[in-house]
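With chain A held as given, fit chains B, C and D onto it using these hints.
Protein chains: 4
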Amino acid sequence: MASKAFAVVAGVGPGTGASVARRFAQAYPVALLARSPENFSELVKEINQSGGKAIGISTDVSSEESVKNAFKKIKEEFGDANCAAAVFNASGRFARKPFLEMTVKDFSNSWEVSVQGALIFSQAALPGLLKHAEDKSAKYPPTLIFTGATASVKANAQMSGFAAPKFALRAMSTSLAKEFAPKGVHVAHAVIDGVIDIPRTKDWLKDMPPEAKIGADDIAQSYWALHEQSNRCFTNEIDIRPMLEKW
Amino acid sequence: MASKAFAVVAGVGPGTGASVARRFAQAYPVALLARSPENFSELVKEINQSGGKAIGISTDVSSEESVKNAFKKIKEEFGDANCAAAVFNASGRFARKPFLEMTVKDFSNSWEVSVQGALIFSQAALPGLLKHAEDKSAKYPPTLIFTGATASVKANAQMSGFAAPKFALRAMSTSLAKEFAPKGVHVAHAVIDGVIDIPRTKDWLKDMPPEAKIGADDIAQSYWALHEQSNRCFTNEIDIRPMLEKW
Amino acid sequence: MASKAFAVVAGVGPGTGASVARRFAQAYPVALLARSPENFSELVKEINQSGGKAIGISTDVSSEESVKNAFKKIKEEFGDANCAAAVFNASGRFARKPFLEMTVKDFSNSWEVSVQGALIFSQAALPGLLKHAEDKSAKYPPTLIFTGATASVKANAQMSGFAAPKFALRAMSTSLAKEFAPKGVHVAHAVIDGVIDIPRTKDWLKDMPPEAKIGADDIAQSYWALHEQSNRCFTNEIDIRPMLEKW
Amino acid sequence: MASKAFAVVAGVGPGTGASVARRFAQAYPVALLARSPENFSELVKEINQSGGKAIGISTDVSSEESVKNAFKKIKEEFGDANCAAAVFNASGRFARKPFLEMTVKDFSNSWEVSVQGALIFSQAALPGLLKHAEDKSAKYPPTLIFTGATASVKANAQMSGFAAPKFALRAMSTSLAKEFAPKGVHVAHAVIDGVIDIPRTKDWLKDMPPEAKIGADDIAQSYWALHEQSNRCFTNEIDIRPMLEKW
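Protein chains in written order, with our numbering: chain A, 1 to 247; chain B, 248 to 494; chain C, 495 to 741; chain D, 742 to 988.
Only chain A is shown next, with the shape it has when bound in the complex (with noise of 0.2 Å):
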């Protein structure tokens, strides 16, 4: 690859975020960024000795000031580089309640890092990202790709706490590809509909074959398509599921 750029992910833990960095560090330096440095710090090593390169910087991506901390940091390690790829795949927990249980603490804890975390992310990556797009030398166009969910499209009894920031998330993903597309940056944002096969769902569905699951590496995969796809032909939404999915 001719252009110095960089890929960048945030939310990464021991699942999609994972699979997704070792995806793109085939291709470029990658940073990671997580609250804690246990989700990344192993997958960066893992990266280092494998060939790649990785950087991993603790960041709450709900904090502006954290944001801007991580974007320096990776400046100061790959220097002044495109940015090639950003991935926000980061969600704010929430737990199904019914909605009189709900405070308003879950509520913006939830959309705090799924939506907010997903402006404060975007925004410091563009820059990196619109140098890419003027980058003649760049081999796909910069790519900045939201992880969404189920409740992106649904939103079932009692999910409102995810399901709103997702529906959000998923608006801002549309505005800022039409915003963006003319300036060459293809954004993206995919829609997990089913269980991702992590540590975390391990007993879930277990009496089932594995193809009732999503495979991380898959989704990653499907990422990396995405980012490959040239400024003639930018896909704005993907679904995703596992073959035995109920739908």
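You may find that some hints are simply not true.
Stated by the list, open to error - DSS-like cross-link-like pairs, simulated, lysine-lysine; straight-line CA separation at most 27 Å:
| # | chain 1 | residue 1 | chain 2 | residue 2 |
| --- | --- | --- | --- | --- |
| 1 | D | 987 | A | 136 |
| 2 | C | 740 | A | 154 |
| 3 | D | 814 | A | 206 |
| 4 | B | 453 | C | 677 |
| 5 | D | 846 | C | 562 |
| 6 | B | 493 | C | 633 |
| 7 | D | 943 | A | 183 |
| 8 | D | 877 | A | 246 |
| 9 | B | 493 | C | 677 |
| 10 | B | 386 | C | 740 |
| 11 | C | 562 | D | 924 |
| 12 | C | 625 | D | 838 |
| 13 | C | 591 | D | 813 |
| 14 | C | 648 | C | 740 |
| 15 | B | 378 | C | 740 |
| 16 | B | 401 | D | 987 |
| 17 | B | 319 | A | 97 |
| 18 | B | 344 | D | 987 |
| 19 | B | 320 | B | 386 |
| 20 | A | 105 | B | 386 |
| 21 | A | 72 | B | 344 |
| 22 | D | 814 | C | 599 |
| 23 | A | 105 | B | 320 |
| 24 | D | 987 | B | 493 |
| 25 | B | 386 | A | 154 |
| 26 | B | 493 | C | 625 |
| 27 | B | 386 | C | 498 |
| 28 | C | 599 | C | 498 |
| 29 | C | 567 | D | 846 |
| 30 | B | 383 | C | 700 |
| 31 | D | 947 | A | 183 |
| 32 | B | 401 | C | 648 |
| 33 | B | 430 | C | 633 |
| 34 | C | 696 | B | 430 |
Hints in this document: simulated from the structure, not taken from any laboratory.
Same frame as chain A, but now just chains B, C and D:
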């Protein structure tokens, strides 16, 4: 009407909120909530003088305490009445601006009114709505209505600060409909997809006939028609456009 | 009502169609179209005996000639009246079956009634609807309503023969709304998302209270409420569910 | 590729169909179906001369007999091979025109190719696709792709004759995805939302840079990326736009 019940409208200004208040005041005593008394004081007087009953309460819907106080005041005024209808018509102000110029504060202001406000208001109104659902003498099922906009379903460029909360509000409405319909509460969301004819928009579409704008009283009548629906026929979403809407 | 105008309902059976006919007969002479006279003859008698005016016409909505004859008959009976409301409630029969067992004929039967029928019926009704839009003495804007179903927005497994035409009908409704709203015709689509309480579904959801089914008269009332909307407030789509719908 | 499998493309013209054929011919022998041989004869020659294998078959996709003959011919040429991929790219011609000027024939022509054709083609291809799903040596899950358009999700004025079948096709695609995913067939629908750069559109958007149009080869690459997805990651719908799309 046999049952003792009131209606409450949050977000009363010179447009939709006022019209809704007038329409529901034909059947119920109404409580009008708005941040500034100038938004409801004339209207309260008008309703009370024309044979209805209205109270106005200065309320910041984004504040739990303020909304709790408002409902305490309602109880003092209307006694232990059911809530027959609650209309959430508040909306955070938001100006179209380039994404990179938006501040976290722009965003959270909009969110706090449109979504957090809807959460707080709904939680305050639901006990009274549920009581009305149990009341055999109630003429119509209790109704909780949220006012949406074009931006509830369409996220245009530079509009994410408005569209994100509006998408979120729509998710909340659907989730509430699914949770509370079985308990007898009719929840509905209205996508107002056009320019409403209010003092603020007086000079918009000036060269067009009146049918280019949505009538605020007509919206109110449509909300009333939602309220009249039986529990064997709940509509959870309507869209509203003027005859000459360009879409 | 000052203006001389009739309403026409296609697809009159013992359910929604009959209820819609009764409701609109309170305001207009009504023409009832159904393939078999047994679907309307009792109802015609009932309406005429209770002070309304109704005619029934054996019609195959999928046939241009048959629909033309029906509208000729309407003209003979009602004179040169405007069409105040036209409701397309016909639907091709379709049984859920594995895709590989469906025949082209299964599919085209369903299409011919649900979509081709809607085309033919709308083309026949529109001249009268447009005339009503020009009539200054008309109380309400002329209204063209299409009855949809869950399958209008959700395409389940083995249901493509029903969902494909229903999706298509919804597209037609939207397209007509955009073309004819500026000419004063209010076009609306109703997604009936639940079991309607009609003789044929008597044994369905037997262990559930009446609120588990949609009331046909309640649908009719909602259609009437659509008709009452002014030309500064057109709703182009409503969904309808019973209180105890599982979604 | 260990398994013996072919790909089949219906609706091969000088645009998307040809590009898809070329792309899939890099991995599979391909059968190209089009009404007129002039649509595929040069392309068949080109593929065969460049090391691939292709056959062209004159086919009317709206005719069961014609499609059956085509698949019989495929079997004669490719033997008892699996079907690795089937792409339905045919579309009934339709001109924008006022609703009242459309004929039933305009409508049914469009339906017969876009929807009835999709039914017939899918039924012919599915046995081979299902066989591929059972084949342990298959590299990728068998894939059935439908080409949609803006009109698959947006029904503009005067466009119902095109939008109705396209909405219907989308319903069919979703229904098939739900029925056949559990059997291992990956079904996907592509909303091509912009002008494709093909000979016929040469003079469109002339003053705009190439990024104002969608590249046919780029669409083909995106279809290939769908085909590469594992059965733990099926995308059922993508949208595609050029960088400079106005939306």
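Evaluation of the provided hints:
| no. | hint | result |
| --- | --- | --- |
| 1 | D:987 <-> A:136 | holds, 24 Å |
| 2 | C:740 <-> A:154 | holds, 14 Å |
| 3 | D:814 <-> A:206 | violated, 45 Å |
| 4 | B:453 <-> C:677 | holds, 19 Å |
| 5 | D:846 <-> C:562 | holds, 16 Å |
| 6 | B:493 <-> C:633 | holds, 25 Å |
| 7 | D:943 <-> A:183 | holds, 24 Å |
| 8 | D:877 <-> A:246 | holds, 24 Å |
| 9 | B:493 <-> C:677 | holds, 13 Å |
| 10 | B:386 <-> C:740 | holds, 25 Å |
| 11 | C:562 <-> D:924 | violated, 47 Å |
| 12 | C:625 <-> D:838 | holds, 21 Å |
| 13 | C:591 <-> D:813 | holds, 26 Å |
| 14 | C:648 <-> C:740 | holds, 14 Å |
| 15 | B:378 <-> C:740 | holds, 22 Å |
| 16 | B:401 <-> D:987 | holds, 14 Å |
| 17 | B:319 <-> A:97 | holds, 26 Å |
| 18 | B:344 <-> D:987 | holds, 18 Å |
| 19 | B:320 <-> B:386 | holds, 25 Å |
| 20 | A:105 <-> B:386 | violated, 37 Å |
| 21 | A:72 <-> B:344 | holds, 26 Å |
| 22 | D:814 <-> C:599 | holds, 25 Å |
| 23 | A:105 <-> B:320 | holds, 25 Å |
| 24 | D:987 <-> B:493 | holds, 16 Å |
| 25 | B:386 <-> A:154 | violated, 32 Å |
| 26 | B:493 <-> C:625 | holds, 22 Å |
| 27 | B:386 <-> C:498 | violated, 34 Å |
| 28 | C:599 <-> C:498 | violated, 42 Å |
| 29 | C:567 <-> D:846 | holds, 25 Å |
| 30 | B:383 <-> C:700 | holds, 23 Å |
| 31 | D:947 <-> A:183 | holds, 19 Å |
| 32 | B:401 <-> C:648 | holds, 20 Å |
| 33 | B:430 <-> C:633 | violated, 38 Å |
| 34 | C:696 <-> B:430 | holds, 24 Å |
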